[in-house]
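Those protein sequences? They're chains A and B, same order as listed. Letter by letter, the first sequence follows residues 115 to 416 in the numbering used here. Letter by letter, the second sequence follows residues 587 to 1140 in the numbering used here.
Mixed in with the good hints there might be a few duds.
[Claimed, not checked] If we take Cβ atoms under 7 Å as the criterion, some of the chain B residues that face chain A in the derived model are:
#1 THR884
#2 ARG888
#3 THR892
#4 GLY982
#5 SER993
#6 LEU995
#7 GLU1138
Source of the hints: derived by calculation from the structure; they are not laboratory data. Beta carbons are placed, not taken as given, at the ideal position from N, Cα and C, and that holds for glycine.
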Amino acid sequence: MDDVAIRTKGLTKHYGNFVALAPLDLEVKQGEVLGYLGPNGAGKTTTIRAMLGLIKPTGGQVEIFGINAQAHKVAAHKRLAYIPGEATFWPSLTGAETLHLLGKIHGQIDTAYRDELIKRFQFEPAKKVRTYSKGNRQKINIIAALMTRADLLIMDEPTSGLDPIMEQAFRQSVMEATDNGQTVFLSSHILEEAAALCDRLAILRAGKLVELGTLSQLRHLSATTVEATFSGKAPNVTKVAGVTSVHLIGHTLHCQVQGSIKPLLAELAKSDVVKLLSREPSLEELFLSLYGDSDIRKPEAG
Amino acid sequence: MSTANLAAATKPTLNKRFRSPQTVIARFIAKRTAGSAVFWAAVFGVFVASKSIGFVKAYPTAHEQAAVAATFLNNIGIEALLGKPHHVATVAGFTVWSTLCVMSMIGGIWALMLATRNFRGEEDAGRWELLLAGQTTARRAAANTLVGLGAAIAVLYVVSAITFAIVGRVHGIGFGTGAALFFALAAICGAAQFIAVGALASQLMPTRARAAGLSAAIFGACFLARAMADTTSVHWLINVTPLGWIENLQPLTDTQPIWLLPIGGLIFVLSALTIFLAGRRDLGESIFADTDSAKTRTGLLRSPLTAALRLTGPTSLSWLVGIGIAAFFYGLLTKSAAQALNQTLSAEHIINQLAHVSQSLGATTFLGIVFLLQITMIMAYAASAVGRMREDEAEGYLDNLLVRPVSRLRWLLGRVFLAVVVIVVAGLLTTLGTWAGEINQQTGVSFHTLLLAGINTLAPALLILGIGVFALGITPRLTTVIAYGVIAWTFLIEMVSSGLNLSHWVLDTSILYHVALAPAANPKWGSDAVLAGIGLALGVIGALVFNYRDLEPE
């Protein structure tokens, strides 16, 4: 057995002519935290629902710890826990009853850890589910998954509805899980969260995996942001090799440089530079650079 | 795009036809409910046509009509079902007597489902919150919803009135347009009253299921009061129960429009209360508030099957109690109904030949009708059980189980198993209820006969369950529509087949056509086995497809 927690081979999902997920080949190592990023409709939830067998893939296969997750769903699900982005539970049960039921069905729970999570997330288990706010219902999802100490945690926008304090509690819990050797597959919209928690990032666009790597690896794929302030008139750098997105605000020039920065520095040096800032792109800028207007997905687009 | 063009393109366009935002909810509800109103109005039309035309064809002379009318008099079993007969020796009287109560019941049940769905159901789903965020208030939104539902009732009335007027013009029937319009008004009164009942119940109860339960309980009480008024010495009850007021209208015969006053008054009072309470309570709350917290009770919360038993148990129990009470009530009426039927049968020279079983013959005939109604109720339970399975998938509850080590087939088979158990218990309760009701009446019907008749109730319900599971697998969003649609179709064919000369191809599509009227006739076990077998086959196909397909949330 290898050390792969999730392996997808050509995993595909079509709805008629619409390709919700193009053939996806992905491996998540055991103990790794993989961030799965993409805008609405990119295919993140489709990927997760196909992995979990809630929808039937059009093609390809999924292995969870080497188990064919389509043919042996129950065996695969014994090794994992899932946090969906939307929480819908039986309204007549209390939070405690819901956690009890979900724990019994999963088959293994760490009750001491469950109690600790209830305190950490300031969850009131005696209330009936129908009285909970969205954030409190989401806490049930989070506690129910984490209390199993499952080998693999699959999360689909898990902090949806949580306040910033609870988001911190969630991050702490994920870090505990990874310290414990658990694998995490984290689909998220919150780029800061993904940057803070994930070992690697996979970026999905229009159903296709477009980037996969560590944050530093991905940064090399994108442009460096440069801001230069001049005492006088700023030089024209639009024709300099690798320079794009040139904006001039007063005496300050903003631009991005793909590849070597040397030609730009040479051009800037010809003028009187009083201040020069250069920095790597944030995950947000990386993300945005991958999604121009032209990438907004249209349903009819194949 | 230039700035000017952009501005022009993004400028909100005003609809040339003025439509007030104050009525948007009413228009939306009306549009959404009009289709089912047209459907039920068409059913009413076909029902009335079949009874009136069938009566004229079967009994063309006044003498024959008087003779057959005599068989309906003083039969309290039939009166409990259809109300007191008035002028049943005439086409108009027979038509009203044989259809009005049934239409009031169908309309009432449809209306209370519609009202609780559009009030508490929308609130449960969180959509009410979106509406209230618009240019409206809770009271205005409630009034709008009532207006929208009122529009559905208006559609029900207009289509029914047109069809009744057309039927009235058929040769030999001969009731005028004015009389037809009043008859249609009487026919939709049950629906109108229970729209208001459902709307108020939605303000009182915290969930749609409970609002529907309260409305159904009120409906059951009204039916029981009307049946008691028609069959016992407490005749005054007819004047204080909503279904009794409808009977008192006596359309087409001794028209009594004065009874529209209490009907209208009830609708007005309940609607006003609904609007008042809607503005008085917080969104998501109810007048009879449920406790927000509860002591943890983990009983039965161990597996998908036991959890389903706990979560669906109260609803199943309500069905069983209703089925048991109905069986007991009709059991109590067996002797009187049997005596009336025996008089009819003696006219056909049967008594002379079968004197020693005369009492039993009338009793079994009446109980045959009772068991037919019980079969319909048990089939309705089967449809509701499969509807609940679909609801679990649509609402996302099922996701909670299937992302854990639970297979789809295990979940589905567990739910089907529970439904089958309830169906079997319902059949047994039908036997026990009627037996307990008629035990001291010496009707001559043995427990063994009733037990066989009880077993005879199972096959149609199992077929409905199979059809429902098939629909759940193949076309999940239509599961409830298909399951209840088959029952509605079967009931419709059963209601109209006596009046219309339907081809056997049409009759064959009715489930009840293939079921013996036990205990009036010996159960057709072969036919029952085929029905159950078809149900099983459809269920297996449905389960296999369900195991393979995508889950489809709402």
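Could you work out which earlier hints the structure fails to respect and list their numbers in ascending sequence?
-> 3, 6, 7
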